[in-house]
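Use the sequences and the hints to build the structure in full.
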Amino acid sequence: MRKFAALVKYTVVENVRQKLFYVLGLFGVVVLAGSGILSAIGGEQKIRVLRDLGYFAAEYVALFSAVLVGATFIYDEIENKSIYMIAARPVSRWVYLAGRYFGFLLSVAALLIFMAALNVAVIRLSGGGAQRGDALMPILSIMKMAVVLALAMFLAMLTTSKAASMGFTLLLWGLGHFTAEMDFLSRLAASPLVKILSRVTRFVVPTLDKFSPLDVNTLPARYFAGVFVYTLCYCAAALSAAWLIFRRKEF
Amino acid sequence: MDAVVFDSVYKNYRDPSVKYLFKPRISQGVEGLSFSVAKGETLGLLGLNGAGKTTALKLILGILLPDSGRVSVAGVPSSNPSVLRNIGYLPEVSYFHKNLTVFETLDFLSALSGARVGEERIRETLSMVGLGAFLSRKVGNLSKGMQQRLALAQSLIHDPEILIYDEPTSGLDPLGIKEMRGLLESLKKSGKTIILSSHIISEVEKLCDRVGIIKAGRLIKIARAVEFSRAGELENIFVEAVS
Ligand SMILES: Nc1ncnc2c1ncn2[C@@H]1O[C@H](COP(=O)(O)OP(=O)(O)OP(=O)(O)O)[C@@H](O)[C@H]1O
Ligand SMILES: [Mg+2]
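Residue numbers (this note's numbering), protein chains in the order written: chain A, 1 to 251; chain B, 1001 to 1243.
Partial pick of chain B residues on the chain A-facing surface, computed with a CB cut under 7 Å: (1) I1063; (2) R1085; (3) F1096; (4) F1108; (5) L1109.
Read the hints as simulated data drawn from the structure, not as lab findings. No residue lacks a Cβ here, since even glycine has one placed at the ideal position from N, Cα and C.
Below you can see the structure in the form of structure tokens.
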């Protein structure tokens, strides 16, 4: 447990000291500040635009940091051989992966919470009120990033270049927002081969559209519990798959 | 019980880009390595570049796993990570996370060793390797030799019984080399088992109880250092053996 805690702690420290982390944060601030000026539209409309822009900025800043860190951190550690210092210590590969994973997740979650707080502040300053979604959207986004990070780590194990793992993660991210359409298409398909193929694809592609519902303010608690369970299952599966590859890796 | 045992160990490097299918061998690592190192003994491995010294040391740590044969540490197979609790490793080239400070690096790595190491012990170890004044400096801002000293500190922080040192003096300045010799002497006196690789014959001759000469992955000679000295200059024997 101490090993796990040390891994998480120093993964966060390492990430937070990366310049890129600040660049992304700053980008978010600029977008949010810009949206305050841009939305010279009046009344309710303006608050809605602000809110949507805030969600959007937070999500993409988080996405890029998650893909970057998930796909490159361990890869770099192996490449520049700093992994030797860790691999020569009595840490099981599973604890190592889990420690790094939660470290990544905490770093990205910190970024998301920071952006969400900023968004709420901008809305307040513009005269808007708080709503349930302001608290729920960041939580959904954090869960979404948990999925993206697990996926990126798995793909980083599977592929042999950083560009490939980042590319595949972004591709699956994109596909993940069209799972309803994919389900529809697979039902239309006549050939059993296509049916099986689309089944498999659906299993690998994360159902990301569930994490950005349009009616976040009215959805029942049951919905969020479902998303949470889905997140747990998807992450456990992706990380286990990553571990299966990493387990016997030599450096 | 012997601290480290190699039992006809074979290890080839294979092409990692052909991951899941047939993996063609790209180079020989070690071929049929068999030897053992007693508790408290100091063994020096000599060999030309590419002879297989680093490969042998990585096999002890389980960073590499043998294709066939067995490597065991105090009777436990090296594939079991628990053997690492008692091992300190100094890689031939040391890289750290650039954004952590010297202190944080040791705090992190000692926690991973499972050792309860207080701040006091970290400070002590750092002053012992001459980094006492650089506790809060980022590792990325250390010179190469200073990083090598930090690597030395991380190999000792959890007070291991067995030390695996891959070319311990490479990258150090003359004073550092002298200090390293002194340190190795005192570690040896305190009863640690030391396995080191080197190119510097005189260094190995002075320090080690036994010397092994590796050529193309094979251990072609292993004997007590005094026997080498009796038979003539170790340097001559080495040159004769590898040529
Ligand atoms: N990661 C690797 N992939 C492929 N081949 C490797 C790898 N590492 C080492 N080798 C090969 O294995 C052989 C033994 O290498 P090793 O690093 O053990 O030599 P060494 O005795 O430590 O040499 P040096 O004195 O230069 O450090 C060499 O032929 C080398 O080319
Ligand atoms: Mg070497």
